[in-house]
Structures are given as C-alpha cells and as structure tokens.
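**Student:** The primary structure of each chain is shown beneath.
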Amino acid sequence: MNVNSTVIGKPISRVDGRLKTTGAARYAADHRPVEGRPLHAVLVKSSIASGRITGFDLSALQSMSGFVRFVSHLDGALIRTIKNPVDGAFAAGEEYTPFENDRVHFVGQHIGLVVAQTLEVAEAAAKAVVVDYETSAARIEFADPTAEVRQPDLYNTGEELQVSRGHVEAGLVEAVEIVKATYTTPIEHHNPIEPSATLAVWDGDHLTIYDATQGSVNDKNYVAFGMSVDPKNVRVLNPFIGGGFGCKGFTWPHTLIAAAAARAVEQPVLLVLSRKDMYTSCGHRPYTEQEVTLAADADGVLTATRHRTQSYRSLVGDHVEPCGMTTAMLYQCDNLEVTHSVRVLNRPSGTPLRSPGEAPGTFALESAMDELAEKLGMDPVDLRRRNHTDIDQRNGRKWSSKHLLECYDRGAEKIGWGRRKAPGQWRDGNDLVGLGMATACYPGYRMPTQTRLTLDRDGTLHVGVAVQDIGTGLYTVLAQMVAERFGTSPENVRVLIGDSDLPPGPLAGGSMTTASVAAAVDDGCRALSEKLRARLVDMGHTPGNEPLVIDGGALRSGPLSVPAAEVIPTDVHEIVAEGGSDDTYGFTGGVETDKSFYSFGAIFAEVRIDRDFGIIRVPKMTGVFDVGRVINAKTARSQMLGGMTFGIGMALMEETFIDDKTGRFVNPSLGEYYVPVNADVNEFDVEMLDIPDYDFNPFGARGLGEISNVGASAAIANAVYNATGIRVRHLPIRLDDLLEDLPR
Amino acid sequence: MTSRSEIRFVLNGQDITLDQVAADETLLDFLRIDRRLTGTKEGCAEGDCGACTVLVGRLQAGALHYEPVNACIRLLASVDACHVVTIEHLSGPGGQLHPVQQAMVDHHASQCGFCTPGIVMSLYALWMENPAPLEIEIETALQGNLCRCTGYEPILRAAQAASDLGSPTGDALNRERNHMTGRLKALCDGRRVDVRKGTSRAILPASVDDLAEVLLAHPEATIVAGATDVGLWVTKFLQEISPVVFLNHLEGLRRIEVGPDGIKIGAGVSYTDSRAVLTAGYPHLAAFWDRIAGWQIRAMGTVGGNLANGSPIGDTPPVLIALGASLTLRKGADRRRLPVEDFFIDYGKQDLAPGEFLESIHVPQSKKGTRHAAYKISKRRDEDISAVCAAFNLTVEDGTITAARIAFGGMAATPKRAAHAEAALIGQPWDEATLMQAAACLDDDFSPLTDWRASAAYRLQVSKNLFRRFWLEQQGTGQPVRLSA
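Same order as they appear, the protein sequences are chains A and B.
The first sequence runs contiguously to residue 811 in the working numbering.
The second sequence runs contiguously to residue 486 in the working numbering.
Hints listed in this document are in silico derivations from the structure and should not be mistaken for laboratory results.
None of the values given here were measured: they were computed from a predicted structure.
Some hints could be false.
[Claimed, not checked] Straight-line alpha carbon distances no greater than 20 Å define the calculated SDA-like cross-link-like pairs of lysine to any residue that follow:
1) K343/A x T451/B
2) K728/A x T451/B
3) K332/B x Q240/B
4) K350/B x P220/B
5) K194/A x S243/B
6) K237/B x S114/A
7) K598/A x D568/A
8) K465/B x E398/B
9) K687/A x G325/B
10) K112/A x L382/A
11) K194/A x D30/B
12) K237/B x S341/A
13) K194/A x Q240/B
14) K237/B x V733/A
[Stated by the list, open to error] Pair by pair, the computed Cβ-Cβ distance ranges are:
15) E333/A x K186/B: 46 to 52 Å
16) E177/B x P78/A: 45 to 51 Å
17) L221/A x L473/B: 42 to 48 Å
18) D16/B x P78/A: 54 to 60 Å
19) N734/A x L473/B: 45 to 51 Å
20) G122/A x K186/B: 54 to 60 Å
Each residue gets a CB set at the ideal place from its N, CA and C atoms; glycine is no exception.
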C-alpha cells in the first residue's frame with residue numbers, strides 16, 4: 068500500500084455525478100425493453116390479515132379497454148415452489164412462494180397482479196378486483212398470548228442469538244448498582260426515495276430484469292429458481308439504485324411475480340411499486356421490547372449484563388431483529404446472558420434495515436449505560452472506558468484494529484463534553500440544553516468476490532464486478548482502487564457494475580462491499596499485471612521489478628515505457644484478467660483467524676428542548692469513527708452524514724403505526740411517516756481515524772454504511788435526559804413525552 | 002365563442018397539443034410514460050418528496066413567471082398555456098453541466114441520485130430568482146425535497162456555490178424569455194377549454210364569469226385550484242374526479258387588490274403569491290407562511306383551496322379567522338359574504354352550496370394597537386401538518402385589552418375561535434396574569450383528540466403555553482421568539 072497515495076483517501080467527486088445531476092442515470096422504472104412497449108402491472112394485495120382466498124370476481128375487468136390479464140394462485144404453477152428462504156444460492160425476504168396457494172398471512176400480501184396496456188387501466192383494474200375471503204383468527208397484537216414464541220439460535224450471519232457465559236445471578240450479587248429497564252423501538256420503514264420496480268423482459272427462455280435491487284446476483288439466482296430456468300439465462304441489471312437501506316437487499320416476491328407475469332403474457336412487464344406497496348412488500352424493522360440489566364461494582368466495572376430482546380416475525384419471513392449481538396461483544400463482562408425471542412404474528416415480514424440489531428440494540432444498551440453512569444455518579448464516557456476491552460468478548464480473540472478509546476477522546480473534545488451539566492441544569496432562554504453520548508459499532512463482513520480487469524488499446528483500464536452502487540460511491544471507490552494499483556488517475560478507469568453477468572460479488576448490505584471488492588480488485592490487478600508483464604517479455608522487453616504503471620496510454624515499469632496499443636495485439640483489442648477472493652470474514656463458517664473484525668465509533672449529541680412545547684432539536688452531533696482506511700474522503704463522509712441523519716429520524720420521528728384490529732399499517736406514506744427534512748438536521752461534525760486494517764483486506768478498509776446510524780438514537784435520548792432529567796425509554800421520543808414533566 | 006377541445010403548452014422547447022386528456026391524468030405520468038422524460042422521478046406520488054419537481058412557467062399580467070411544482074400531483078390539463086421545464090432542458094450546449102448541477106457534483110450533494118433531479122430543479126428555481134441566497138433562503142427553497150442519503154448539508158453547500166459557477170443572466174430560460182412569452186401569449190386565446198378522454202372531462206373556463214356558468218351547469222364538478230389536495234385523491238385513493246373544473250389559470254382569480262378596506266385575495270392566488278401582501282400588513286406571518294408545506298406546494302396550492310377543503314388542520318384558517326377575514330362565495334351572478342369562521346360548519350362540512358364557489362378572501366387592514374402572533378407546532382420542522390396551529394389578534398388600548406380574536410387549528414373538528422379565552426381577555430389589563438387566566442379558559446373551549454401526532458393533553462397544554470409565549474414575545478421586539486433551530 069502506498070501510504071502517500073494520490074488516489075486513496077482523497078475527496079474525489081463521484082464519477083457518476085454527471086449522470087445523476089442531469090437525470091440521465093436510469094433507474095429500474097426508467098428502462099424500457101429494447102423493442103416494443105412494456106405492459107404495466109399493478110399488485111393486488113390482501114386486505115385481511117389471516118385466512119384464505121375463496122375467489123376473485125373479475126367481472127368489472129373484462130370490459131376495461133386495455134386490460135390484458137390477471138394472474139394469481141389460480142393460474143397454477145407460474146412459479147416454482149421455493150421451500151427454503153436461503154437456498155444456498157440466494158436469500159429471499161420471505162420463505163414462501165408467491166401465488167403458491169390461497170393462504171393469506173398478513174395485510175398487504177401480494178395475491179394477484181393486473182397487467183394492462185397502460186398504467187391507468189392497470190390501476191383501475193387492480194382496484195376493481197373483488198376478492199372473496201374466508202377469514203380466520205389473526206394474531207396481530209404484539210402481546211397476543213396465543214402467539215407462538217420462538218427462540219431462534221442463529222442470525223442470518225450465522226452469529227449466535229442466545230448467548231450465556233458466567234453466572235449473571237452471581238454478578239448481580241457482587242454489584243453495588245443495578246439498572247434494570249425495558250426499552251422499546253418502533254416499527255420502522257426504510258423509505259428509500261426510489262420505490263422498488265421491476266422490468267421483466269423474456270426472449271425465449273432468456274430473461275432480462277431491470278430491478279431495483281441491492282443484489283443482482285442474489286436476484287438472478289432467486290428468479291432463475293422460481294422460473295425454473297438456468298441462472299445463466301437470467302440477467303439482472305441494476306446500474307443505479309435509488310437507495311435501499313436494506314429493503315432491496317434480499318429478493319422479494321414482486322420481482323418474481325413480474326417475471327412470471329411477463330412469461331405468462333409473453334410481453335415485457337413493468338411493475339413499479341407504489342409508496343404504499345413499499346410498506347408491506349419489502350420488509351421493515353420490527354418493533355422490539357428489550358429488557359436490559361446492567362450491574363456494576365463501585366468502580367463502575369460491569370459484574371453482570373443481561374439483554375433480553377422480544378420481537379416478532381411474520382408467518383412467512385424469518386427475520387429476527389438481533390438487538391443483543393452488540394451486547395454480547397462490546398464491554399468486558401464475564402457474566403452475561405443475551406436472549407432473543409420472536410412472536411409469530413400476522414404482520415408483514417421484517418427485514419434488515421440499516422444496522423439491523425445494532426441500531427435498536429444500542430439504543431437499549433447505551434441508554435442503560437447512561438442510566439448506570441448516573442446511578443454510580445460517574446461520567447458516562449468514563450464508565451465506558453472503565454469497561455473497555457481489547458478482546459472480543461464472544462470468543463476471546465483480539466480485535467484486528469480497535470481504536471475506540473481514541474474515538475471517545477476526540478468526540479468529547481469536539482462536542483465540548485466539558486460543558487455538560489447535571490440533568491436539567493443547563494438553561495438558555497426558553498431552552499433546556501443537554502449533551503449525551505453513545506458507543507457505535509458494527510461488524511466487519513467480507514464475502515467472496517471475483518473481478519475482471521481489462522486493459523484496452525487506448526490504455527484505459529476497465530474493472531467489472533457484479534456489485535452495485537446504492538448511493539454509497541462504489542463506482543468511484545472501485546476506480547480509485549484500480550487507479551492506485553496501476554499508478555494512474557481514476558479517470559483512466561472505467562467501472563462496470565450493476566450487471567449480474569459480470570464476475571459475481573456480494574449484495575450491498577452489511578457494509579461489506581468495499582472490503583469485499585478490495586480483496587478482489589487487488590487480486591484482479593495482480594493477475595492483469597502478471598499478464599501484461601508476460602506480454603512485455605514476449606515482446607522482447609525486460610520489465611524491472613518496479614510496479615507496473617499504466618498511464619497516459621502507455622505501460623511503464625522503471626525506465627521502460629511501451630504504448631498500450633503496441634502491447635495489445637490488434638486482433639484482440641484488449642487484455643483481460645480475472646481475479647478474486649473466495650474468503651469470507653465475519654460470517655460463521657468463514658476464514659479461520661485469531662482475530663475479530665469490527666468497526667467502532669463514538670457519537671455525541673447536543674439537544675435543545677423548548678420548555679413550552681417539548682419540541683426537541685439537535686443543533687449538533689459529533690461522530691468519530693474507527694472504520695479502517697477511508698478510500699474516498701468525500702463519499703465516506705457523506706455516508707456518515709446520512710447515517711447520523713437516520714439516527715435523528717430514529718430518535719425523534721420515525722415510526723410506523725399498526726392497527727392491532729385489522730393488521731393494517733396506519734401511515735404508509737412519506738407525508739405521515741416522518742423522515743428528517745433538511746430543517747431537522749443541523750451541524751454534523753464527522754471525523755474518521757483512518758487507521759488501515761490490513762488484516763481485513765489489502766486496502767485496509769472496513770465498511771461504513773451502517774455504523775453511523777448505530778448509537779445515534781441513544782446519544783440523543785441520553786442528551787434529552789441530561790437536558791431534562793426525564794428518561795424516555797421508547798423511540799421515537801414523541802412531542803408529548805416531555806412536556807408535562809419538564810423543569811420550569 | 003366556441004370552446005377548445007385540446008390543451009396546448011410548451012414542453013422544454015417543443016409545442017405540445019393534446020386532444021385526449023383525462024381529468025385525473027398527472028403531468029408526471031405524461032412526462033415519464035408518454036414522453037419518456039425519465040429524469041423526473043416519482044418517489045411518493047403525493048407531493049412530499051419533491052423528486053418530481055419541474056418548473057412551470059405561466060404568464061401573469063403579461064409577464065412570464067416560473068415556479069417549481071410537484072409534477073406527481075399536478076394535473077396535466079392545468080398546464081394549458083404554460084411552459085413546462087424538466088431536468089432534461091437544463092444542461093448547456095455540448096452537454097455542459099449547468100452551474101447548479103456542477104455545484105451538486107463538486108459538493109457530493111448526490112448519493113443514490115434519485116432525489117437529485119428534483120433537488121436540482123428546486124435549486125435551479127432558487128438560483129434564477131436569487132443567485133446569492135442566504136442560508137435561510139436555501140433552506141426555504143429545499144423544504145419540499147426529501148433526501149434519505151446525504152443528510153442535506155452537501156446540498157446546502159452546493160446551493161451556496163452555484164452562483165460562483167455562473168450567473169442566471171445568461172441562462173437559457175432568461176435568454177429566451179421574450180421569445181417564450183410570445184409563444185405562450187399565442188396559446189392564450191381566451192376560449193374555454195373542454196377536453197375529454199373517454200368519459201373523463203376537464204374544463205378550464207375562459208373567465209371568472211364563465212367559471213360561474215360552468216359550475217351552474219355542472220354542480221357535481223370537482224373544483225381544482227392548486228391540486229395539492231385533489232392530486233392526492235387521484236394518486237392515493239384513485240378517486241373518480243371527473244368532471245374537473247380548474248380555476249387557478251384564471252387571471253381574474255389570481256388578482257390581489259389592496260384598498261382602504263383591506264386586502265382582497267382571489268381564490269386562485271397561491272400561498273407564495275399571497276405572502277408579500279399579507280406580510281406587508283402583518284409581518285408576523287412571514288415565518289409562519291414559510292412553514293406551510295414546502296416551496297413546490299406553496300407555489301401550487303392556494304389560500305382559497307386551503308379554506309374550501311375544510312380541513313380542521315389547515316394552516317391558514319386559524320390565521321385568517323384571527324385576522325377577522327371574510328369570504329365571498331359566488332353562485333352564478335349571486336354573491337354572498339361571510340366571516341371565515343362561519344364557513345366551517347362541522348368536520349368535512351362547509352357552508353358551500355352546489356354550484357357555488359369561493360371567489361375571494363378579504364383580509365382587513367392592520368389596525369393600530371393590535372398585537373399579533375401565529376404559531377405552528379409540529380413534530381417535523383417542515384413538511385408537516387400541525388399538531389396545534391394558533392393565531393392571536395389582540396387590541397390593546399391604554400393598557401386594556403379591548404378586542405380579542407384567537408383561533409386554533411387541530412383542537413376541534415373545525416378551525417375554531419377560543420370564545421371563553423377571548424371573553425376572559427376583553428376589558429382586562431394587558432398583563433401576564435390576564436393572559437394566563439385566559440389560557441386556563443381553554444379547557445372550556447376545546448376538547449381536542451388524541452391521535453398519533455399528539456395526545457389531547459399535549460394539545461391542550463401547548464395551547465395554554467402559547468399564551469405565555471405570546472406574552473413573552475410581546476415584551477421584546479414584537480417579533481416571534483423563534484423555536485430553537
């Protein structure tokens with residue numbers, strides 16, 4: 068690694084900026100088949116929470132000009148039955164096959180699809196479908212005593228969900244102070260600004276799909292399985308995705324339904340989900356109830372930790388919100404118990420949402436730490452230092468690179484932690500002011516990835532890999548990585564991603580893409596370099612040991628300089644090399660190593676609360692992060708700003724309400740589900756320690772998409788406590804939570 | 002004069018004539034599906050996210066004026082005689098990036114990019130009007146755009162930097178302004194437009210008198226001004242709205258007249274266009290007005306529509322009631338006038354007969370000795386509906402309160418005056434004790450509901466606290482003590 072790189076770590080503007088600012092970047096719903104017009108499709112969704120469909124009355128549809136077809140479970144085997152949600156080759160959001168049978172498991176389940184010549188007719192026809200149901204008893208309410216309760220062993224990463232070590236009861240006896248409290252977090256929705264969309268185009272038994280997906284390879288394998296075709300015959304294109312945050316991660320039924328409908332009508336079909344569809348079609352973060360017990364001796368050393376998470380799952384989706392995984396790892400504590408249970412309810416399926424588990428889990432854990440500090444009369448930062456550890460508490464391994472203490476120091480200094488006063492004591496005019504903090508952390512994950520590196524006769528490098536840029540900046544980051552390896556500028560690198568026909572890479576989730584492609588690009592560049600050196604030797608040159616530089620249309624090595632056009636034979640146009648890595652890190656069953664990989668950080672928040680109205684504002688947040696090497700200062704910082712904004716939303720406004728009687732989501736819109744607007748966001752101060760983690764990959768980067776959202780809600784809630792003396796143990800903190808008890 | 006059965010407008014540089022337009026067809030579907038102008042995005046279909054922002058230019062008193070609008074809820078037929086400008090029209094010759102676009106790239110103001118075209122269009126509209134904006138002006142321009150990725154700060158920096166990269170003088174829309182004005186004038190032929198598609202029908206009356214006539218003939222028609230509410234009936238609820246009668250193209254309803262009796266605001270005047278005249282007389286309304294929805298909605302939506310749709314949580318009714326405003330309702334040639342508070346009969350029920358329409362709003366001139374305030378309490382700072390909305394108008398003479406008009410939204414089934422509180426003020430000394438006594442009377446005035454925005458107890462307590470806030474503000478400059486940023 069060139070420590071004085073002119074490329075890595077620099078604030079290079081995103082290479083796709085022009086396409087995005089001119090509207091020329093095409094997202095799934097913007098595409099059209101190469102030939103002809105697509106038919107438009109609209110979903111028909113169940114309006115009951117439990118039961119079966121006894122029939123469809125389509126009489127109103129037949130007379131509609133432009134109506135083409137209605138497909139449902141009555142069409143027979145349109146889709147091959149998918150038994151297992153994770154078939155090895157793919158991960159689906161739900162473990163059921165759309166249109167498999169007449170069963171209804173939740174309100175909003177896809178039970179049919181209308182296909183029509185125009186969108187207008189498709190919408191009218193979908194509205195005109197009359198569904199007859201036989202309703203059965205639904206379990207919707209979280210506390211429904213008849214709901215089945217399960218205690219799953221593993222999260223989808225293979226990590227343990229039920230953890231026990233030492234003796235919690237003994238640790239409680241040792242303690243001088245104990246905090247035991249229950250914290251709740253609401254149903255939340257991802258709400259990327261782009262709704263999911265699928266354009267499915269068949270050509271014989273070949274299928275091309277333009278899909279708003281965070282994982283083209285996963286999508287391809289899922290659809291190929293459901294359509295009973297060879298995965299080689301399915302191509303998924305997703306060059307641009309309008310955000311995802313998890314809801315486009317695993318593949319959801321609508322993609323398969325669009326593909327099945329297109330085959331059934333023998334024409335391309337375009338299915339664009341409405342904002343309301345998004346609330347029941349592609350997951351949400353489920354509500355959680357977390358009981359946390361923290362016990363400490365007089366010095367603040369933790370003697371016992373217990374974190375019990377109760378959440379729910381749908382009948383057909385197995386997502387568990389893994390809130391306690393952080394607790395099992397983070398602080399030194401020999402007596403610990405972490406449990407997770409889920410109730411099986413007639414609600415739509417959950418799925419990972421930016422930092423699943425960590426975001427709601429740290430709200431509970433880090434709020435409890437704040438409560439413990441208060442009880443002990445300790446500074447909250449000091450309490451965390453006291454329990455800091457350089458050993459992964461789950462397995463006794465050392466961290467590959469952990470600089471959390473430095474994050475605490477820098478963050479405290481930047482926010483002006485010394486200004487902090489006792490709860491309720493800081494007044495400024497009509498405002499109560501407070502400071503709070505929390506620890507942030509997120510696992511380092513890495514998945515097998517392959518790349519194709521190409522040099523053309525112009526001397527331009529091309530890198531291809533089936534990963535996707537959901538807004539993170541991957542196009543730019545890949546160009547920088549290749550440029551670094553060949554001593555050139557990112558402008559000389561063309562990046563090909565968003566196409567499942569490219570060498571396979573992971574889905575954009577778990578903050579793992581950068582680390583995964585880093586290893587693959589490194590190996591691909593090595594392979595290309597070797598090929599080029601061999602070619603130079605064949606040509607009679609003697610390249611030295613100096614790194615191969617490809618710049619200005621020529622290959623250079625030491626004093627040697629040969630134009631690319633000469634190196635590449637005229638009959639081949641380009642030289643291609645493939646490389647990659649089969650290694651997995653962070654997931655169970657990965658590479659055997661004596662180290663653990665995690666990113667860490669510290670988040671500090673200042674809040675001001677209007678005494679007359681209880682309105683909370685966050686004038687300043689500081690985040691200091693230890694996320695390995697930063698590849699691009701601009702794209703990385705922007706990820707952090709966005710994540711901290713997510714944290715403000717989670718702390719103060721985001722919440723989906725469910726009607727316990729009907730099982731309907733009450734506020735499925737951007738008007739009534741509040742994501743932060745510009746005016747809700749004020750000063751953010753972001754710093755990254757930028758310490759490379761070469762144990763993790765050759766570029767030293769860990770992921771950073773999720774961590775900035777972790778801890779943010781706890782930091783804000785802790786600041787609210789510091790400002791008011793009122794401890795709010797649920798999210799979001801509502802307008803009416805504080806007013807009554809505010810200090811006058 | 003015969004009516005015209007087609008709509009005509011200019012899209013970017015191209016003349017468009019459509020003889021088949023359904024009443025509920027949106028501008029966005031036309032752009033994206035019919036014209037394949039896919040730079041304009043659909044994120045929510047209800048005017049919240051701003052990803053579909055385009056500019057619509059219209060002649061107003063002979064001058065061409067552009068405004069940012071949400072194409073998702075803008076009904077297509079209403080762009081007759083307008084110039085519609087989309088993101089595709091922005092780049093310079095040879096594909097050179099527009100200064101706003103270049104600044105967005107330089108400052109990393111685009112991440113996933115889906116909200117980006119809408120944000121570029123909002124900032125473009127701002128840059129044309131105000132190339133060197135203050136931060137607060139940028140924030141006001143961005144109120145109607147949601148971004149889920151960037152945390153907004155890079156977008157603000159881009160907006161600040163845009164003018165360093167180019168001045169609006171040389172911008173294409175300005176260079177072609179005279180030419181486009183001529184093209185649009187040629188489209189304004191003074192005829193009624195009556196356009197159909199199948200059984201669906203949209204009418205753009207030729208004049209206010211013609212509107213009265215059309216409504217007498219079609220009392221069942223849906224009256225549409227800015228479509229910021231009706232647009233949602235279409236996109237969210239798939240309601241049948243035909244026949245639709247549009248009114249905000251009518252110059253006769255877009256007029257603002259200031260006379261000795263006060264301000265007369267036509268029913269087609271947008272929030273944006275009414276701001277200057279209202280805040281001239283009532284400076285306290287400036288900050289309040291800027292918290293109504295976002296820029297696009299304020300540019301489209303009308304004060305008349307906000308009253309006529311009768312929502313108990315509309316932003317303007319409490320303000321207008323407190324100011325003592327009245328309405329002119331018209332049916333055929335008959336007009337009647339009534340105080341704004343009397344217009345609201347019950348939840349969803351207004352004093353409006355079939356075939357009748359709201360023609361104008363009358364706001365009295367500001368009187369000496371009056372003290373005013375208007376408040377919007379909402380969870381989200383912008384683009385939110387009030388949990389509580391309140392407006393105060395007290396007359397103080399020689400230290401005694403001689404008149405009081407206090408109105409609340411969000412506290413009852415209709416926007417409503419606080420009669421008991423007002424009575425407790427009149428004749429009493431202008432001091433904090435009087436105000437706090439009046440505040441206590443709100444228990445007799447309101448029994449608010451609990452909903453997911455706020456609890457009944459919160460609404461009542463905040464309403465009382467507003468009396469205290471009002472008193473505190475009046476001790477200083479008379480300007481609102483702003484809620485913390």
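**Student:** Against this structure, judge whether each hint is valid.
**Tutor:** To see whether the hints hold, each was checked on the structure:
A distance of roughly 24 Å separates the Cα atoms of K343/A and T451/B; the hinted pair therefore is violated under the 20 Å criterion. At most 20 Å may separate the alpha-carbon atoms for a hinted pair to count; K728/A and T451/B meet this at roughly 18 Å. Distance hint between K332/B and Q240/B is unfulfilled; the C-alpha atoms sit about 26 Å from each other, more than 20 Å. In summary, the hint linking K350/B to P220/B is supported, as the alpha carbons are separated by about 16 Å, within the 20 Å threshold.
At most 20 Å may separate the alpha-carbon atoms for a hinted pair to count; K194/A and S243/B meet this at roughly 17 Å. The hinted pair formed by K237/B and S114/A meets the criterion: a straight-line CA distance of about 16 Å does not exceed 20 Å. With a C-alpha separation of about 23 Å, the suggested pairing of K598/A with D568/A is violated against the 20 Å cut-off. Between K465/B and E398/B the CA atoms are separated by roughly 24 Å; this puts the pair beyond 20 Å, and the hint is violated.
Between the alpha carbons of K687/A and G325/B the distance comes to roughly 41 Å, so the proposed pair goes past 20 Å and is violated. Distance restraint check for K112/A and L382/A: the Cα-Cα separation of roughly 16 Å lies within the 20 Å cut-off, and the hinted pair is therefore satisfied. A C-alpha spacing of about 19 Å is found between K194/A and D30/B, which places the hinted pair at or below 20 Å, so the restraint holds. Of the pairs offered as hints, the one joining K237/B and S341/A holds, with about 9 Å between alpha carbons and a cut-off of 20 Å not exceeded.
Proximity of K194/A to Q240/B is assessed by CA-CA distance (about 10 Å); at most 20 Å being required, the pair is judged to hold. Restraint check for K237/B and V733/A: the C-alpha separation of about 14 Å stays at or below 20 Å, so the hint holds. One distance hint, 46 to 52 Å for the beta-carbon pair E333/A and K186/B, holds here, with the actual separation near 50 Å. At roughly 37 Å, the beta-carbon separation of E177/B and P78/A lies outside the given 45 to 51 Å, and the hint is violated.
Restraint check, L221/A to L473/B: a C-beta distance of roughly 58 Å breaks the suggested window 42 to 48 Å. Between D16/B and P78/A the beta carbon distance is about 45 Å. The supplied range of 54 to 60 Å is therefore violated. For the pair N734/A and L473/B, the beta carbons lie near 34 Å from each other, so the given range of 45 to 51 Å is not met. Evaluation of the 54 to 60 Å hint for G122/A and K186/B yields a pass: the beta carbon distance comes to about 59 Å.
Consistency with the previously given hints fails for numbers 1, 3, 7, 8, 9, 16, 17, 18, 19, ordered from lowest to highest.
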